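S.K.: Please model the entire structure based on the sequences and the hints provided.
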Amino acid sequence: MSELTSLTLKAALDGLASKSFSSVEITQAHVEAVEAARALNAYVLETPEKALKMAKASDARRAAGTAGPLEGAPLGIKDLFCTEGVRSTAGSKIIGDFKPTYESTVTSNLWRDGAVMLGKLNMDEFAMGSSNETSAWGPVVNPWRTQGGNAQLTPGGSSGGSASAVAAELCLGATATDTGGSIRQPASFTGTVGIKPTYGRCSRWGIVAFASSLDQAGPMARTVEDTAILLSSMAGHDPKDSTSLPVETPDFASFVGKSVKGLRIGVPKEYRVDGMPAEIDALWEQGIAWLKDAGCEIVEVSLPHTKYALPAYYIVAPAEASSNLARYDGMRYGLRVDGSNLTETYERSRAAGFGAEVKRRIMIGTYVLSAGYYDAYYLKALKVRRRIADDFDQAFEKVDALLTPTAPSAAFQLGDKADDPVAMYLNDIFTVTVNLAGLPGMSVPAGLDASGLPLGLQLIGRALDEGTLFSLGGALEKAANFRAKPQKWW
Amino acid sequence: MTIDAATVRKVARLARIAQPEETVEQLARELSGIMDWIEQLSEVDTDGVEPMTSAVHVPMPMRDDLVTEGGDPEVVLSNSPKRVGNFFVVPKVVE
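Sequence order for the protein chains is A and B. Each residue of the first sequence is one higher than the one before, starting from 1 at the first, in the working numbering. Each residue of the second sequence is one higher than the one before, starting from 491 at the first, in the working numbering.
Derived by calculation from the structure, the hints in this document are not laboratory data. Keep in mind that this is a model prediction, so the values were computed, not measured. Some hints here could point you the wrong way.
Claimed, not checked - Have a look at the derived ranges for each label pair, beta carbon to beta carbon:
no., chain 1, residue 1, chain 2, residue 2, range
1, A, Gly415, B, Glu564, 42 to 48 Å
2, A, Asn150, B, Val565, 45 to 51 Å
3, A, Glu49, B, Lys572, 29 to 35 Å
4, A, Thr343, B, Glu540, 46 to 52 Å
Note that beta-carbon positions come from the ideal geometry of N, C-alpha and C, so glycine has one too.
M.R.: Shown next, in the form of structure tokens:
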């Protein structure tokens with residue numbers, strides 16, 4: 001029943017509602033697809049028994065007339081989300097055996113609405129990476145390959161497992177998180193849709209923390225409408241996260257298909273960076289033309305501090321990470337490697353449990369927060385962050401949303417950038433600004449490059465104005481008519 | 491180099507990460523590369539700019555100081571690397 005895995009989430013929900021098939025049937029089809037796709041390494045834990053049990057319960061609820069908005073839909077869950085009784089590792093050896101005794105708020109919301117869990121999705125360790133190569137469980141492989149090529153490509157990161165699973169039809173949709181681009185860059189690399197909502201839209205409770213002032217959960221799926229459906233379930237105020245916003249969650253799907261006529265779209269000139277492939281520039285121009293055709297007014301805007309966003313991020317995020325990851329001390333949970341005294345036990349546990357990139361970032365964070373450097377680095381970065389947020393505020397006085405490329409390249413080969421941290425960081429050059437300012441950003445697949453790899457365009461909106469992004473994303477999706485799928489080789 | 495071997499040793503100690511001596515020079519080069527790239531922030535005029543400490547513009551909510559859950563040591567201890575009875579076992583802290 002491979003055709004059941006090819007459905008959009010919306011079509012699957014319609015099929016379930018009309019009883020064309022049951023949740024057990026569509027879940028079983030996905031379980032088989034997941035088992036057949038282990039070469040992608042997208043799932044770090046498959047939970048077929050739990051999935052079928054949840055599917056049965058879902059079918060029973062539907063029969064009883066109590067179906068929720070996601071009733072019976074099988075989803076993949078990024079391993080950063082704590083799932084009760086199901087191993088949750090954040091891609092790290094240091095909590096490689098961790099079985100949470102609680103459920104994250106976002107996943108609780110999905111189960112409340114009737115969704116089914118297929119398993120846990122691979123990711124960069126603690127979400128620190130842009131290629132999935134920092135995962136303790138090995139990199140995820142992108143289902144896409146260049147035309148005629150067989151090199152293994154990265155699905156992007158950190159939500160590479162989510163992206164790969166969605167693109168390869170190993171789930172109807174997936175949860176993901178985005179601290180500097182970890183939803184949008186993988187979406188761009190895999191021809192999928194991903195949205196990082198406004199900071200505070202989704203509760204962070206039960207999501208393993210990386211950089212708390214930047215982390216935000218969001219969905220990945222194969223259509224704009226599917227991400228809208230998922231986000232309406234995932235989002236909502238949660239008293240257990242003090243930064244969760246006490247606002248109503250709109251029915252985001254109702255914005256998809258709405259006219260975008262008369263909307264003013266900003267094109268930030270600073271996003272034309274040196275060395276960007278001409279194809280990406282051309283696709284951006286194409287996106288501008290599509291929105292013009294849909295009745296939008298295009299306005300050139302300036303975000304003068306754009307180039308400073310990444311360096312500021314690489315102070316703010318590691319600083320917060322060094323503090324957040326101090327909890328992994330081998331005492332109450334996680335890996336413990338005994339030393340001759342307490343300090344040595346801490347040092348050995350953390351040396352054995354963390355991978356190279358996580359250690360690098362903890363070291364940077366510790367350094368910029370240490371005595372004598374706090375003002376020069378950390379405080380400076382927070383001031384630059386304010387400048388970046390102010391740039392957006394000024395732009396949004398003139399426009400309703402911004403259109404940019406999502407990433408400066410298409411998917412690259414695994415191993416290509418592994419030796420150069422700064423080259424890897426530059427992947428997030430167009431996405432990281434949004435995290436610093438707390439704004440919503442969405443990546444929509446817009447075309448293929450000359451070698452047949454997908455490329456995405458990014459829409460950036462005002463805080464809490466995801467609705468406009470869903471309307472614009474729907475318009476871009478319609479104009480791009482992106483139908484390409486990866487050729488199955490796995 | 492912004493970060494030399496001595497700084498790496500000091501920061502590794504502060505971060506409680508054992509750093510084998512043969513890796514210190516290499517790490518110093520990597521971290522210096524990152525910090526040199528970050529250095530460009532000094533070009534930005536930030537005089538009089540308030541540091542941005544939060545992405546949301548809402549005041550911190552207050553809640554009642556009440557116990558919401560608890561009383562289940564099995565749940566609390568279920569992931570402990572070492573336990574005796576209802577206690578975590580940790581290395582000796584006080585002599």
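S.K.: Which of the numbered hints above does this structure break?
M.R.: Going through the list in order, the structure violates hint 4 alone and respects the others.
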